[in-house]
Amino acid sequence: MKRPLANFLGLAPAYVIMLFLMIIPLFIVFYVSLMSSDPYGGFKPIFSLDSYIQIFFAEDWDGVMQLDLQYLWIIVRTLTLSTIAVVLCLLLSFPVAYYISRQPNNRKALWLFFVTLPFWVSMVVRVYAWIIILADDGVLESGLRMTGLVGDIDSMLYTNGAMLVGMIYSYIPLMILPIYASIEKLDGNLIEAANDLYASRIKTLFTVIVPLCKPGMVAGAILVFVPCLGTILEPVLLGGGKKLMLGNLIYTQFTTARNWSFGSSLAIVLLCLVVLILLVNARRASQTQMGGA
Amino acid sequence: MFKTLDVKKYPGFGWITGFFFLFMYLPIIVVIAYSFNENKIVSIWSGFSFKWYESAIHNQGLIQATKVSISVALIAMTLSTLIALAAAMVLVRGKGVKYRELSETFINLPLMLPEIVFSVAILILFSQMGLQHGMTKLVLAHTAFCIPFAFLPIRARLQGMDSNIEAAASDLYAGPWTTFRLITLPMILPGVFAGAVLAFIISMDDFITSNMLGGGGATTLPVYIFSLVRQGVSPEINAISTLIIGISLLIGVPYWIVSNRKKEAN
Chain A
13 MKRPLANFLG LAPAYVIMLF LMIIPLFIVF YVSLMSSDPY GGFKPIFSLD SYIQIFFAED
73 WDGVMQLDLQ YLWIIVRTLT LSTIAVVLCL LLSFPVAYYI SRQPNNRKAL WLFFVTLPFW
133 VSMVVRVYAW IIILADDGVL ESGLRMTGLV GDIDSMLYTN GAMLVGMIYS YIPLMILPIY
193 ASIEKLDGNL IEAANDLYAS RIKTLFTVIV PLCKPGMVAG AILVFVPCLG TILEPVLLGG
253 GKKLMLGNLI YTQFTTARNW SFGSSLAIVL LCLVVLILLV NARRASQTQM GGA
Chain B
310 MFKTLDVKKY PGFGWITGFF FLFMYLPIIV VIAYSFNENK IVSIWSGFSF KWYESAIHNQ
370 GLIQATKVSI SVALIAMTLS TLIALAAAMV LVRGKGVKYR ELSETFINLP LMLPEIVFSV
430 AILILFSQMG LQHGMTKLVL AHTAFCIPFA FLPIRARLQG MDSNIEAAAS DLYAGPWTTF
490 RLITLPMILP GVFAGAVLAF IISMDDFITS NMLGGGGATT LPVYIFSLVR QGVSPEINAI
550 STLIIGISLL IGVPYWIVSN RKKEAN
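Residue numbers (this note's numbering), protein chains in the order written: chain A, 13 to 305; chain B, 310 to 575.
The reader is advised that the hints may include incorrect statements.
Pairs of lysine-lysine residues, derived as BS3-like cross-links and limited to a Cα-Cα distance of at most 27 angstroms, are as follows [claimed, not checked]: (1) B:K349 to A:K197; (2) A:K215 to A:K226; (3) B:K318 to A:K197; (4) A:K226 to B:K349; (5) B:K317 to A:K226; (6) A:K226 to A:K120; (7) B:K360 to A:K215; (8) B:K360 to A:K120; (9) A:K215 to A:K197; (10) A:K254 to A:K226; (11) A:K197 to A:K120; (12) B:K360 to B:K376; (13) B:K349 to B:K360; (14) A:K120 to B:K318; (15) B:K318 to A:K215.
If you're looking for bench data, these hints aren't it; they were derived computationally from the structure.
Let's have the full structure, built from the sequences with the hints guiding it.
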């Protein structure tokens with residue numbers, strides 16, 4: 013029995029919300045990015061590409077456009093730090109996911125629970141905790157000094173490293189879960205077969221296990237990379253607010269700088285980066301599907 | 310002896326896992342431990358004390374922010390769970406629904422969009438609409454991005470449920486609404502519960518959007534804590550954080566027990 017009216021009424025609220033609070037606002041952002049900025053805040057409804065040009069060029073004191081790398085540098089930093097965070101997450105997550113998959117069946121759920129538990133704690137609190145650990149005379153420094161192995165160390169807070177630690181800490185469970193799922197699907201006989209054919213453990217790891225877990229690793233990489241690109245808290249609290257990332261730059265345009273057009277164009281740049289990643293992944297996924305069939 | 314011969318075992322992975330769990334729990338333990346520090350300077354331990362908890366629970370800003378956060382989270386949770394439940398019923402059970410996959414992508418849109426982009430978009434929208442009321446803005450925005458978190462567990466539960474039971478109910482002349490009320494809803498209740506808890510937590514934890522839309526008397530808990538942290542580290546923040554950690558665990562642990570029991574029952 014078809015009930016078109018019931019179907020329509022069931023989906024309508026979700027559609028209305030997504031249309032009015034997601035799709036239309038995104039088009040408004042695109043529209044604002046193409047308008048000229050208003051020195052008094054907001055934007056003026058006059059078409060202009062200035063906000064995109066501003067990403068690359070700055071106007072001199074005598075009105076000549078000069079190549080200006082400061083914003084480009086922020087975009088490069090965002091991409092670099094996010095990539096490093098993904099790679100480090102991968103390196104740490106794989107052994108952890110593998111180790112958990114080797115635990116007795118009745119214990120696995122508990123292990124996974126402990127992986128996700130910190131996720132329940134407020135993000136602001138989790139990032140804040142690293143300030144106490146990394147600060148001058150903080151927990152880590154005093155701990156290291158107590159071992160006597162190191163003497164005086166430079167401040168660890170307000171560095172790129174501190175931001176990386178915060179980003180990895182915030183998002184690593186998103187990497188472990190998909191990798192764990194793909195290891196669980198792995199046929200253990202393949203590992204034994206590799207061993208029977210005299211492959212060393214290391215060789216088995218890199219030629220059998222890792223390739224078969226690639227889908228999980230790719231999924232995890234995307235789940236970590238996308239929020240890293242738009243992150244705000246880590247650069248402000250652990251980076252000292254001087255090493256801005258794209259998220260902070262956008263945020264500033266809508267708060268203190270009050271340049272909505274420029275902020276919108278940056279938001280569009282970020283959105284394009286994310287869409288690009290999702291498209292490349294979709295293409296790769298469909299290719300491997302065809303190759304495997 | 311046989312254990313060392315296990316070819317699936319990788320020595321060293323255990324150590325890495327140990328390091329990982331230290332990495333995950335050290336910050337939480339440090340915050341909890343230092344919240345009992347009597348000294349005003351966070352990094353110097355000078356004795357055990359509850360005094361920061363006392364000043365925390367009398368902090369008016371904190372109480373106000375907690376009220377705002379809980380109200381917004383409760384309303385956003387209710388709305389997003391109802392909307393997600395209706396959508397999941399149609400997308401999993403509805404017959405003759407067109408564009409099923411496209412609709413799911415549409416509903417899960419907030420998961421793919423970087424939050425800063427969403428927050429900026431919605432800020433411009435609300436300001437163009439002239440919407441001033443802080444709580445309304447927060448509720449609308451939170452409802453939108455909570456929908457997929459409520460939707461996914463409900464959908465999973467519906468997909469795992471035997472639809473013959475509902476067919477049997479309608480054979481026995483139960484109308485669609487009666488079937489839903491007496492058969493479907495009780496059976497998918499764990500999924501609805503899981504979705505609602507996730508939506509609540511996501512709303513409570515949100516920082517970026519709430520910070521962007523805040524003001525007008527609508528400062529949420531994460532935004533308030535952030536403003537405290539920016540003024541400098543203090544033992545009171547540790548006490549507040551410990552309270553939040555405790556409450557998160559109070560929600561997280563039962564959530565895990567319920568969702569785990571559900572899996573075992575299947």
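So, going through the hints one by one against the coordinates:
no. : hint             : verdict
1   : B:K349 to A:K197 : violated, 52 angstroms
2   : A:K215 to A:K226 : holds, 16 angstroms
3   : B:K318 to A:K197 : holds, 17 angstroms
4   : A:K226 to B:K349 : violated, 49 angstroms
5   : B:K317 to A:K226 : holds, 18 angstroms
6   : A:K226 to A:K120 : holds, 21 angstroms
7   : B:K360 to A:K215 : violated, 57 angstroms
8   : B:K360 to A:K120 : violated, 40 angstroms
9   : A:K215 to A:K197 : holds, 20 angstroms
10  : A:K254 to A:K226 : violated, 36 angstroms
11  : A:K197 to A:K120 : holds, 14 angstroms
12  : B:K360 to B:K376 : holds, 23 angstroms
13  : B:K349 to B:K360 : holds, 10 angstroms
14  : A:K120 to B:K318 : holds, 16 angstroms
15  : B:K318 to A:K215 : holds, 13 angstroms
Taken one by one, the earlier hints fail for this structure at numbers 1, 4, 7, 8, 10, listed in ascending order.
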